[in-house]
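Chains as they are written, first to last, in this note's numbering: chain U, 1 to 475; chain D, 476 to 852.
Treat the hints as calculated values from the structure; they're not laboratory data.
Hints should not be assumed to be uniformly reliable.
For the chain D half of the interface with chain U, some residues (derived, Cβ under 10 Å), not all of them [stated by the list, open to error]: (1) L560; (2) D807; (3) G820.
All C-beta atoms, glycine included, are put in the ideal place defined by N, C-alpha and C.
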Amino acid sequence: MKCEQILCGVTRPTGLRLVATPTGEELFLAELGSDEADDILAATATNPLIDVPTDAIVAFLHNVGKNWKSHEYARRRLYIRHLCRYLGYTEREATVEADWLALTLCSHFRIHSLLEAELGDRYALDRWVPHYESEVRAWPRGRVLHYLAGNLPVVAVTSILRGILTKNVNIVKVPSGDPITTLALAASFADVDPDHPVSRSLSVLWWESGRSKAGLEIAQSVDTIVAWGGEDTMRWVASAAGPETDVTWFGPRRSIALIDATHSAREAARRLAHDVAFYQQRACFSVHQAFVVGDVPHFSELVGEQLALYAELLPTSSPTIDEAAAQSMALLEARFAGAAVREPSGDREWAIVEAAHADSTAPHPLGRTLYLSERASASDLPDLGERVQTVAIYPFDQASTVRDALGRAGVHRVVELGMTNLFRIGSTHDSVYPLTRLVRIVSCDLPSAMHASGVTTPIDQMRILEDDSFYELIP
Amino acid sequence: MTKTEPRSRPFTPADARNAASRDELDELVFGGPIASRDTMDLGREQIAQTYAHHLQACLPFAQFVKRIAGPAPKISGDTLDRLPLLPIGAFKTSRLRSIGSAEERLSHTSSGTTGRKSTIVRDRDTMMRLVGSLERGIELLGKNWFAHEVRVVHLGAPHEHAGDLWFAYIMSLVELIYDCDSTTDLSAAQRHLEVAIDEAAHVLLVGPPFLVRDLAVRLLETGERLNAENLWVLTGGGWKDREDTMLDRDAFAELLHRSFGVSADRCRDAFNQVELNTVFVECDAHHKHVPPWVRVTVRDPRTLDCRDDGQLGLLAYMDASATSYPALFIGDDLGLVDEQLCQCGQPGQRVSVVRRVSTRHARGCAAELADLIGETL
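Chain U with its partners taken away, still in its complex shape:
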């Protein structure tokens, strides 16, 4: 399969490079040429989206989403087939991804709410909006480089959608781990209207991380970089970004659960199984470890049953040699540490390690591997380790007793168990509202005739100096 370069919505021929895929199938990626940076920067210098009303953008996305919702849409069928063939998804998993893509694009009402929640007004990018003693309007930052991670398709969709909603020019550096989602999304824009400003706002590139001079030039020339990925990505972006470039990081994170299994243990196990199994633990919100009040071996048995059920509902493909090795070694290490290990007798579709103390610095093997540790009481907060994004709690009424401590400990998000993958309107992403990072908020302050807050007269600063009355204004 050939993955072409897309420049401002238009496919353009360039050199191809064979990259490794989990399935061993041949995938050729269009590699950014060493002399292409100037072309790309020139082509993306003008912003086709800047004057397009938000509603028009949302309507376009809705149309694209409706295509994705249709089981007859050829692009969707191809996308599902490619996820299976090149990235090793099962058909069920790939279908769920396509459905999520459709849901995200079609949810115009949620998009409006998202704009309102993060920017204060759904029209903040369209008009001047009264805001205390000013009127404010959000403007796109300009060129945004989305430096994507390949762990999940939803990363690409989320990042690009944010860039489009904020009317930026979006240059996407796709990961070799999943170039398919971004290219399918860009192609589906063109399917609706190749000349639409949304289509023309999107460019899709690939270069080998850390090695491309042209990639470096692009990173140095954009206004904002949204960087997803591991420490290597972070390090490269930090070194490549220009001094005035704003960088938003979505670095490696993990998530945990705090569970009181003395309450409805079976329901807790069912919810936990979802938070462990969805996305095969590749997402930052995936639960890797649960701290449990109650009978841990019994709870482990219940979770095992639910994970087995989940394996039927959403089967995964066979692990790669690397994934299988990492999981086997992690389980052997757990056995060395004296932990009990629970796993199915056949294919290792999941595994549970009952560990008194799990080493949070150890690489987690993913593959639906859950570390269960005992916790003394519902108010007992275990050592969470570093980089915890989401803490899932059950029963949720216990959240009020621990969320202050969790916030102080550096956790980014607290949710009910079973809900980690659903970001509610108003929820933050790694403690920020991402749309605010993609816009400049320009203010137009009220004139002097309008009284300032706490002042009962018009503002005449010369008069105040003449009368030497500044002191009188101090409340």
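Given chain U, work out where chain D should sit, using these hints.
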């Protein structure tokens, strides 16, 4: 070799057997042919003896084996492939040792590319056998070399400054065997090399491939190419965070030929990792030979059972030369093993390390490595 003293308990018949066994082990490491059918059989027996020794002397290892295989696994040269092996992560969470703390001479740490570092405890005997393995490995380069005829230029920190970081330490061991100049300064290395080539019968340039490459490029850029018929190049340690300058085998050999005047058969690579007490050096045919006191198996990544020769899997090691800690582990490299008469004429196992298991953490600490390399190599 000095034998380790028994720890805080009376000397027993088992200790006597161990002592006798260690004589045979040292004979294997320090003398005789590197590998023959006889030494390979002897090696398997030594590995079994060492396994039994660690079961007796290293409590965490014994507890682990008991959990996996029951209280009394059958240990012999014929059952080696069925015995439980430690996960390499055990060295990152525990300081495993089969000696008393008084006998501990050196501890080494890995570079910690996954964010966790292995700590390995070595006593004098174990350390000396490691040096012996390096010496035996270098015999693969020149079987008839006398130590006094060899001069080494080591691109790295001097032995006394190598610290506890394995990557630096292992390369510096050549100083204990041969007349050696160690430096990370390329111009100084060039001078040392030129003098050595003039004066010594055999010259060995040792270092990580990226520094050897840097020196080679320097020679080409300054127009001071060498044409040394007595020079050999021995690399080890991989390209680390200098992968952007990495060359494939042929391109590297071609560069060394143009710069140093060495042919491809005189450019060899060596493999070691901190948890392993033996250095594997390439032969004339560029195969890394496993000496008889080490057994390497390839494990199925799902079951960790042994795979047949020629199949890709996790490399697992049983190294009899380490008596201070159990060098009996499954590592995190994928590779291949075969056992056939090599083109170089040597029997025994040959190992090929293909790559590190790729996890999302596997490339996590390149910066730390870069700092360490900057300091030490």
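Q) For the hint on D807(D), does the least C-beta distance to chain U fall short of 10 Å? A) holds, 7 Å
Hold the hint about G820(D) up to the distance rule: shortest CB distance to chain U must be less than 10 Å. At 33 Å from the nearest chain U Cβ, G820(D) fails the 10 Å test, so the hint is violated.
Interface restraint verdict for L560(D) against chain U (beta-carbon cut-off 10 Å): Result: holds, 9 Å to nearest chain U Cβ.
Consistency note: the structure conflicts with earlier hint 3 alone.
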